[in-house]
Structure formats: C-alpha cells, structure tokens
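Here is what each chain is made of, one letter per residue.
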Amino acid sequence: MIVRIGLSSCGIAAGGLLVKEALAFAFEEEGLGWELQQTGCIGMCHYEPLVDVIHQDGSINTYGNVTVDTAREIVVAEMSGAALEKYRIATDREPNDCLAGQVRIALRNCGIIDPESIRDYTDRGGYQALQKALTRMTPQQVIEEIKISGLKGRGGAGFPTWFKWNATRQEPGDIKYLICNADEGDPGAFMDRSLLEGDPHAVLEGMIIAGYAIEATSGIVYGRAEYPLAIKRLGKAIGQARAQGMLGNKIMGSKFSFDISIKQGAGAFVCGEETALIASLEGERGMPRLKPPFPSQRGYWDKPTNINNVETLANVPWIIANGGESFAAMGTADSKGTKVFALAGRIKRGGLVEVPMGMPLREIIYGPGGGIKDDKRFKAVQLGGPSGGCIPEALLDTPVDYQSIKNTGAIMGSGGMVVMDETTCMVDLARYFLNFTQDESCGKCVPCRIGTKRMLEIMERLCAGEGQPGDIELLEMLGQQIMEGSLCGLGNSAPNPVLTTIRYFREEYETHIHDKKCPAKQCKALITYHIEADKCKGCTLCAKKCPVNCISGEAKKPHVIDQNLCTKCGTCLEVCPSKWSAVSVS
Amino acid sequence: MSCSCQTEEKAAIQRVSTETQISALEELINRYKGVEGSLISVLQGIQEMYGYLPRPVLEYIAKRLDIKKARIYGVATFYAQFRLTPVGKHLILLCQGTACHVNGADKIEAALCDELGVEMGGTTENRLFTLTEAACLGCCSLAPVMMIDGQAYGPLTPDQARKVIRGILKQEEQSREEVGA
Ligand SMILES: Cc1cc2nc3c(=O)[nH]c(=O)nc-3n(C[C@H](O)[C@H](O)[C@H](O)COP(=O)(O)O)c2cc1C
Ligand code: FES
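If you read the protein sequences in the order shown, they are chains A and B. In terms of the working numbering, the first sequence is residues 1 to 586. In terms of the working numbering, the second sequence is residues 1 to 181.
To be clear, the hints were calculated from the coordinates, so they are not data collected in a lab. Do not take every clue at face value.
Said to hold, decoys possible - No more than 30 Å apart at the CA atoms, straight line, and that leaves these computed lysine-lysine pairs for DSS-like:
#: 1; chain 1: A; residue 1: Lys348; chain 2: B; residue 2: Lys107
#: 2; chain 1: A; residue 1: Lys545; chain 2: B; residue 2: Lys107
#: 3; chain 1: A; residue 1: Lys291; chain 2: B; residue 2: Lys68
Stated by the list, open to error - Derived CB-CB ranges, DEER-like:
#: 4; chain 1: B; residue 1: Gln174; chain 2: A; residue 2: Arg461; range: 45 to 51 Å
#: 5; chain 1: A; residue 1: Ser80; chain 2: B; residue 2: Glu27; range: 52 to 58 Å
#: 6; chain 1: A; residue 1: His55; chain 2: B; residue 2: Gly167; range: 36 to 42 Å
Just so it is clear, CB atoms sit at the ideal spot from N, CA and C, and this is done for glycine as well.
The task is simple: from the sequences and hints, build the whole structure.
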C-alpha cells in the first residue's frame, strides 16, 4: 500500500505536514509497512490536504480535507479493507467532478508523482522526449514540430513559440541564453508555482529541449521571491538531472552541452516583462527598455536570448514525445492545445484546471469550478490579472481562446481567472487593480508613471463618494492615452481593468458618481451599518466582536451602532445569527 | 588585506553585526566579488543574515565590491523584497492579491492590526512581529491567505488570524520560560 499526500504550498497551508505526521504515527502504531509519499498539487486546492490511498491492485481512494483526526480514521478503515466513505471524494474509477472535462498535458504529473524524485518522473516517460530530440531530431526539426503543434506562449502575450525559438536560433553568436520566466506576477494566478512545485523536471526537460533547439549554451530560471518551495524543489531537480547526465557536458551522450541555474527575483511585477527581467538578472533595477532590439537579438548580457514561460516549457516534452499534431488536434483554429487556468475568488472549488482551448467560460466556472460560493449570483470574471479585463455574465459563453477573449477587451494573460459575485464592487475592483499597477509602475515613462497615478486618484475619488460628472469620460481618455503612450506592456495594459469595467458596468460607475451609492455595498464611504431594533434580540454577539467597540446595548435589548466610531468593517453583519439578521447595510 | 580606507566602514559594520555575521559577510563578498550582475544576490544574502539591509553594511560592500552607493540604493529601493529598516522576529506577509482582495483580505488586515497594535508595515514594540503586504502568495484558492516565516495560512477568518498570532506568542512565551528556568 502506498499513501500519497499532497504537499505543495496549498497542501502545506491547509495543514498537510501535520496530516503527514499523523499518518506516519498511525502506521507506526499499527505496525504497518505502508509507504508514505509526497506529491504536488492535483489542482483541487479546496480539498487540501488531500490523501490518496493506493492499493496493491492499483485501485485508489482519494480523501479530501483530511485532518489529523481523520487521518487516523482513514488508516484504520483502509486496514480492514474498507474505505472511509464520509471523507472519500474520488476513486480511480470515479474521478472527482473537478477533474471532469480536464485534459492534463502541462499538469500531466502534478499530484501524481513525488516532485523530488527523478525516478518518479522517468517512470512516467520523463526525459524520453529529450532523448528523442537529442538522438533523432535536428534542432530545426524540433522547431518544426513545435510549429506544427501551434503552441503559443502561455506567459501572456501568446506569441508563437516556434517563431521565437527560430529567431534566436538564427541570430549569429556562440553564446545564447534560454530563460525560463517563473516570475508569475499576476496576483490570482498560481499555475507556474504549482508546476514548479509539483513537476519541476517537466519544466527542466522543456528547457533543455528548447536550449537544444536554439543552440543555447546555458539556461536560467528567473524565480519569484515569494515562492520558496518552488525554488527549493527546482534546485533539487537540477541537482538530480545533473547527476544523471541530463544536464551538463554532452547530455545523454550527445554533442549538446547545457546547464541551468536559478536566479531569484526580489519582488517586482514589472520584472515579468522580458527586458525588465533581463535587467534584473543583470543585477539592476528592473526597468524595461524599448523593443526592438528584441531579446532574441540583444538579450541577457547583449547575447541572443529566448524567454519562455513555465507552462509553455512544460508542454514542450509532451509535444516532442507525442508529436505536434496530437497537440494541434486539441483546441481551436487559432489556439491549439490546452491551457491551465487558476480558478480563484468567489468560486466554490478554487484550484487549477487544464482544459482544451475553446471551452466556454461558463463550462469552466460551473464545471470544474463548481459555480459561485454560497450560491450567490455570478457577476464577472477577471481574466489576465492587472493587465486584463472583466468579462460580464452576458459573455459567459465566450470560448477561451486568444482571439475571443481579446474581443471582450480582456486578455488570456497567464490564465488567472478571478470570479466575482454580486458582493464585489466593480469600481472598487478596478481601483484595486490600478492601485496595483500604479504601485508596480517602474517610473521610467511618463504616461505610465503619472497617467496611472491620475487615473488612480479619480478612482479613489469615486470610491470615496466624491466622483464628479465627467469622471468616466476622463478615465476613458486617460486610459486610451496611457495605453498608446507607454513604453512597455505594463503601461500598455494597465488601464484595461478600468476600461472593461466601464464598458460592461457603466451604470455602477454612474451610481457611485450621481447617487453616491455603492450597489455592491463595498465602498466604505458610501455605506452605513444599522441594527434594526425590531429584529435585534440583544444577544450581544456583535458588541463583543466589534473591533472598535462601537456597539452598545444591554443584554436582551436592541443594540445600537455609534456611527461616529464605526469603521464599517462588517463584522457585526457577519456574526449576527442568521435567524435574526438584525444588521442591515444601506 | 584591509587598507586604511576600509577601516572606517569596517568599524561601522562591527557596531551592527555579530562575529558570525561578519564572517558570513566576508564569505558573501568573496563569493560574488568580480561576478558581474550579482548585486541582487548580494543584497538577498545580506537580508538573509540581518533580516534587513543595514546602512553600514551597504556602505561597506559598496567599497569592497566597488559598486557606487547610489546604485546599491537604487536597486535596494526598487524591489519590494528589500527592507532598509529592521523587522520583527516573525514576518507576517498578508496577501493583497486579487483572490484575497475579493475574499475579504481587508477584514483580516483590520484584525491583525488590532491584534498586534500596529499599522500595516509596522513592527510591534516587543519586536516580535512585523506586518507587511504581499502581492500574491500563490495560494489563491485558499484566500484570504497570510504567510508567516514561510508557512502559509488559509482560508482565514479574522478570528483565525488572531489565533495564529496568539499561538506564536504563546510559543515565544514558553521558550522564554524554558530559557529562564
Ligand atoms: C508587466 C508584465 C508582466 C509580465 N509577467 C509575466 C510573468 O509573470 N510570467 C510570464 O511568464 N510572463 C510574463 N509576462 C510576459 C513576458 O514578458 C513574456 O512575454 C513571456 O514570458 C514570454 O514567454 P512565452 O512566450 O512562453 O509566453 C509579463 C509581461 C508584462 C508586460
Ligand atoms: S491572491 Fe492571495 S494568494 Fe493569490
């Protein structure tokens, strides 16, 4: 028997390490020789900690939301050959609903193998694509295969991968670099983290194949400072790959030599942009520069450099192993293959899903995503993070492919999907994103540095109930100018969240400006909390929980909120027992 | 191999460093001396040792690595990771990413500020905790999330956030008692 526990950052955050200890303890107490393995994230993050029990005959029971106590119960049940039905969420024959409709290519090993074991990776066919490329394909043929596959960059811009490789390959020069962009800056996207934590060898193998195709001399992973576990596992994987001859001199007996190192970023969103990333790798402030020259012409230390995203690279071994046509057989005419999406926000089942391109948004959100939390009403989904846009309910049947998403005003981006319900204020959300980009603007060009600041000031005014007629038009004009005038992709896309929310939720802006009201009841300056005297039973719960002690009243008598002291934190509304619902917002 | 121009800086770092820190610093300098483009790695190394970037140490490495002070300051202030003031023993990173934002990160912030008696960015008087913001901790499906000393916690309610802090406080008290006993 093998017992497998999900120990990615999400599993660990949910208490996975304690469950692991409890399992080990139970094995020892019961005198069981069962093997305890760790694995990455299968994508059902809301079920973490997840435990798989794999029986001798290969059948599997999967348990979700395992706690220290249930861990023991599971062991006891499984010992007697039974399953603990209460906590079982799937078996090998009946996969969980979250996995229905998924096609896992980039995530093929995540949540299945031990990411710290190269054996596990090779047992599932790992490094065979590399062997195939090195022994049976020329670099040109590798590029050709990627061209057939139709793979486009998964990092944001969606540029054809083969084209970039070819451009770098054709540049003259003895020294060329391959960089893996693991900076994953979109707040709300976590597929790159999950890949690096759950299947680091897939990314390495993709890098080595890419390195071979462009004839690079070395590879660098630019990792995000906030992802310590990803960096650790990747470092370990590099060590293993080196020891087994997949990295270093004359890889797998071929003539190709290539090595990979890791450099850690230091927390700057703009460093996800290629030229800023290069500046950062060179130890400087991460300021972008004008393109051309493109990194393929003048990149890291002015040498030809190709930069690819983590997920892009993780697809590469699969394509080489299975042929470009199998990849191209999935997806739509303009977007081939599959894409990983990170579902988060007001969604029931947050996590990672990988589906064929072209699946309608609705199917993703209500299929694997399970719909909206607390059965509230769907309002919008934000695609592409701070550079992207909000897609409203009316467009929920939009297929996810690069062009269709672009037509809505949003972008595919890296695949972050943050779902919003009726409790999200779109004006506040747009302000939130703008605050982010404004903060992350490197300050090099004026439209981005000053333009986003001016836009943010207007947004803050709207949320504070000080909006003026004409503000919407002013935002639209500024947004257009910033998009056209900025130096890099950050500024070019920073106004997107504002412009798309104006486009689809204009009346919400107008209500903020003209009626000084926030329909979603989120903007603190525009709402007040009240306790309805006829409903309040004087249970004193709200008074006890109020962080600023602004609620008074005797036990069993109606309570009152002192509006002068109230910080509008909403705690009273949350704690008021639902049978009374005495707190109201207006 | 200390020449006279370095003695002043050296004396200054001795005031802010322990013996082990000084020898680790020398090691760091030797590792990166002459390695082009390594300034960020050097600063990360220093922050790892001191918890922040002490000014005398920056002035010292400017001399030793022959990098202009202005350049070091420029890089140190560009990136969110670097801090120029000391932090508490436990660093709390409260996620302000999109998923956490729409799931009520502001309420967690209010609870933490109240529990710790500090504002965002502040350090408690006993120097045990510093509360800072992070862009996204990559655990978005567990939103709202915070990370303390590399461990992520989520999904949080204001009460749970307070409990985590109290738990750490309790551990601190216990270990102090043990040392005292
Ligand atoms: C402001 C900004 C931030 C970006 N952040 C990332 C990122 O975090 N990860 C990423 O892979 N690409 C990011 N990109 C896109 C990269 O510049 C680049 O297009 C990508 O890494 C190329 O890889 P791909 O072709 O495999 O997608 C960002 C771009 C901009 C303008
Ligand atoms: S948004 Fe908070 S962890 Fe990603």
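Taking the hints in turn, this is what the structure says about them:
Annotation: proposed proximity of Lys348 of chain A to Lys107 of chain B holds, straight-line Cα distance about 20 Å (limit 30 Å). The hinted pair formed by Lys545 of chain A and Lys107 of chain B meets the criterion: a straight-line CA distance of about 13 Å does not exceed 30 Å. Distance hint between Lys291 of chain A and Lys68 of chain B is fulfilled; the C-alpha atoms sit about 28 Å from each other, no more than 30 Å. Checked against the hint of 45 to 51 Å, the C-beta distance between Gln174 of chain B and Arg461 of chain A comes to roughly 50 Å, which is consistent with it.
Checked against the hint of 52 to 58 Å, the C-beta distance between Ser80 of chain A and Glu27 of chain B comes to roughly 57 Å, which is consistent with it. At roughly 37 Å, the beta-carbon separation of His55 of chain A and Gly167 of chain B lies within the given 36 to 42 Å, and the hint holds.
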